[in-house]
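Asker: Each chain, written out:
There are 2 protein chains.
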Amino acid sequence: MTQQTLQVALGDRSYPIHIGSGLLQRADLILPHLGRKKAVIVSNETVAPLYLEPLAALLRANGVAVSQVVLPDGEEFKDWPTLNRIFDALLESRAERSTTLIALGGGVIGDTTGFAAACYQRGMPFIQVPTTLLSQVDSSVGGKTAINHPLGKNMIGAFYQPKLVLADIDTLDTLPERELKAGLAEVIKYGLIRDPQFLGWIESSLPGLLARDKVLLAEAVYRSCAHKAEVVARDERETGERALLNLGHTFGHAIETGLGYGVWLHGEAVAAGTVMAAELSARLGWIGPAEVARVESVFRLAGLPVSGPDLGVEHYLELMRHDKKVEAGKLRLVLFRGIGDAVVSDAASDEQIAAAIAARVSAA
Amino acid sequence: MTQQTLQVALGDRSYPIHIGSGLLQRADLILPHLGRKKAVIVSNETVAPLYLEPLAALLRANGVAVSQVVLPDGEEFKDWPTLNRIFDALLESRAERSTTLIALGGGVIGDTTGFAAACYQRGMPFIQVPTTLLSQVDSSVGGKTAINHPLGKNMIGAFYQPKLVLADIDTLDTLPERELKAGLAEVIKYGLIRDPQFLGWIESSLPGLLARDKVLLAEAVYRSCAHKAEVVARDERETGERALLNLGHTFGHAIETGLGYGVWLHGEAVAAGTVMAAELSARLGWIGPAEVARVESVFRLAGLPVSGPDLGVEHYLELMRHDKKVEAGKLRLVLFRGIGDAVVSDAASDEQIAAAIAARVSAA
Ligand SMILES: NC(=O)c1ccc[n+]([C@@H]2O[C@H](COP(=O)([O-])OP(=O)(O)OC[C@H]3O[C@@H](n4cnc5c(N)ncnc54)[C@H](O)[C@@H]3O)[C@@H](O)[C@H]2O)c1
Ligand SMILES: NC(=O)c1ccc[n+]([C@@H]2O[C@H](COP(=O)([O-])OP(=O)(O)OC[C@H]3O[C@@H](n4cnc5c(N)ncnc54)[C@H](O)[C@@H]3O)[C@@H](O)[C@H]2O)c1
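Line by line, the protein sequences are chains A and B. Under the UniProt record's numbering, the first residue of the first sequence carries the number 1, and numbering increases by one thereafter. Under the UniProt record's numbering, the first residue of the second sequence carries the number 1, and numbering increases by one thereafter.
One or more hints might be untrue.
One copy or two, either will do: identical chains are not told apart, so a pair holds if it fits within one copy or between any two.
List of simulated lysine to aspartate or glutamate pairs, EDC-like, C-alpha gap at most 20 Å [to be verified]:
#1 Lys-330 to Glu-92
#2 Lys-330 to Glu-96
#3 Lys-153 to Glu-92
#4 Lys-153 to Glu-96
#5 Lys-153 to Asp-88
These aren't lab readings, by the way, just hints derived from the structure by calculation. Bear in mind that the values here come from a model prediction, so they are computed numbers and not experimental data.
Assemble the whole structure, with the sequences as input and the hints as a guide.
Answerer: See the structure below:
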């Protein structure tokens, strides 16, 4: 299979996304972005044993001085003490402002490492090597980096773009089934927000995607990244259109926070949250029951939850108000005007939101 | 006295600097920058009792919802746990992405608060209200924000511009004498780097500046900020010319770190460090003894130290190598080609640097 390349067009902060098989062996793709031939690879205890050593060896064979930081695995380590381990390692190894940080792992490693790169000496170059489907189609592209705060997810972070994204489809071979499905939630998201034709392709390709057909996976990653790159190029700092990518996320964050980080996967929460958004849109009269059923059905086909845990409706609303999308106290949500046509809106009243949630929760 | 205004020209991140007396009573200057009429003032235990309540009352009287965070006072609190107190307060008060953070204090408060603003929800608006001479002439302008790491000063930070800088000269009335002098080091710096005519003005105005003549102080702040604004507009991220503003800082950081943060003031360390830089420039044959003597004399006139503590030359070099200005292992220093003509150079060997330090230390 050949590699495909996209460009995120952000002026002097533009960068390529390479997608394909065998990319972790492709020194030619990585070396041009390692100005000073000094790199620090950040990974976690799950991913490092699988992919770190070959990558480090490849770089060393090409004259790059490589050191590494292996963090514990889990969303609960997307926090300040763990971030600080990266800073400690950088300072202990006397990393310079021109050293490149390489994030090798899923979204947790990518978000944490990207934020470390944004802050170390006020900014050092970094490269994303995403190894989960979710990080390949979403979190590694666009420069959102963050860690969690005990009072809110992704509350402390930066907009900071990588120099390169290297999405090697081969790494998905080892991804647990549940993580694969969670990643599909974000693929489906692009179809639901802005590309009904892509949604149709996903619906018919889901059996093959779940069977990890590489041609289909590469196509799904490519088309997802193309959407993300286009949106990010037009609205890097999420002052407008980019907010649409948060479809299902305000409901989803409430689920993730309400249950405690990591009980539900991000993609699982987004799936159930998106069904809630569809339900609410129908209650506003913006879409019909057939559209809601289609949203529900595509997530079900992907093996994802289509209702949320019963946290109590008031608790949902409370948690949602803590989310970043709250402006001037009013809940702004991504809702459906149609399939493939999402909008940001504060049209729904608290009562309507509560009713939509109540209709889409089930006992845990 | 009338207020003077400068503009930092950075495209859509441009902002005004207002300089003058009575500015903390000028709601008309602040309100246009408080989009959402929600603000959180960050100050410390020394400055808050002096200036916080009147400012908060002024804003409240104009319909702004104000809350406050009062941090402990000191460079040793420019650290993560203290930064986190700002995040806790923001999250507990449910501050939104559009809430404005106001830094009321010296450089420590400004740097910490600015970094908090850069990171909270990936960036919220902030205003600098600098209350020390150093912060009025230097740290509040230009968007460098940071906290310290146990292994290095200002190692964790961001480039993040404020929306407004409000330098009220009246606040200098209560500033301790030693802090006033330390601030003068940075004023002198602009003359030494790029404005021999300004240096002459400073030399003749120093008695009046030390006596806190407000017309002279306002003039010193204005001309310093004009220099800083010009340099920052041309080189926001310090890829070139802006590095000149670090005159004396690499030596100075070694002094500050070597003695432990806060034993010497930043400006004191910069003064001694600048004399070392002049000494080294003379040893390279770039300036003569008369120029070195003039550098020494202006700092002496300002009541600042003109030699460093005797930390051991090797320890100096070690500490300097940890500084951010190290690129590819080689020490890059700001040196003199003449008075008012500084350059960044790695021309000096370790031996020459060591000799210059040895010539300019004295027992503590
Ligand atoms: N920055 C953004 O724009 C953005 C967008 C969406 C989500 N996110 C963030 O991404 C995070 C979720 O990312 P994620 O879903 O990748 O989770 P993750 O990083 O926790 O990875 C999921 C699990 O898979 C393991 N893993 C990773 N790659 C593997 C591989 N190739 N083989 C076997 N196991 C592997 C990980 O160690 C982990 O246990 C959340 O913190 C979320 O907030 C960020
Ligand atoms: N961001 C930048 O570009 C930049 C540039 C230079 C220095 N800095 C940083 O600035 C810091 C030093 O700033 P600083 O010299 O203002 O020190 P500071 O903030 O510690 O203030 C000095 C002392 O004066 C007190 N104080 C402040 N205003 C007062 C007032 N009006 N009346 C009475 N007391 C007052 C403070 O509480 C403190 O005790 C260092 O951390 C340094 O790294 C940053």
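Asker: Indicate, hint by hint, whether the structure satisfies it.
Answerer: Results of checking the hints against the structure:
{"no.": "1", "hint": "Lys-330 to Glu-92", "result": "between (46 Å within a copy, 17 Å between copies)"}
{"no.": "2", "hint": "Lys-330 to Glu-96", "result": "between (44 Å within a copy, 11 Å between copies)"}
{"no.": "3", "hint": "Lys-153 to Glu-92", "result": "between (29 Å within a copy, 14 Å between copies)"}
{"no.": "4", "hint": "Lys-153 to Glu-96", "result": "between (30 Å within a copy, 14 Å between copies)"}
{"no.": "5", "hint": "Lys-153 to Asp-88", "result": "between (24 Å within a copy, 13 Å between copies)"}
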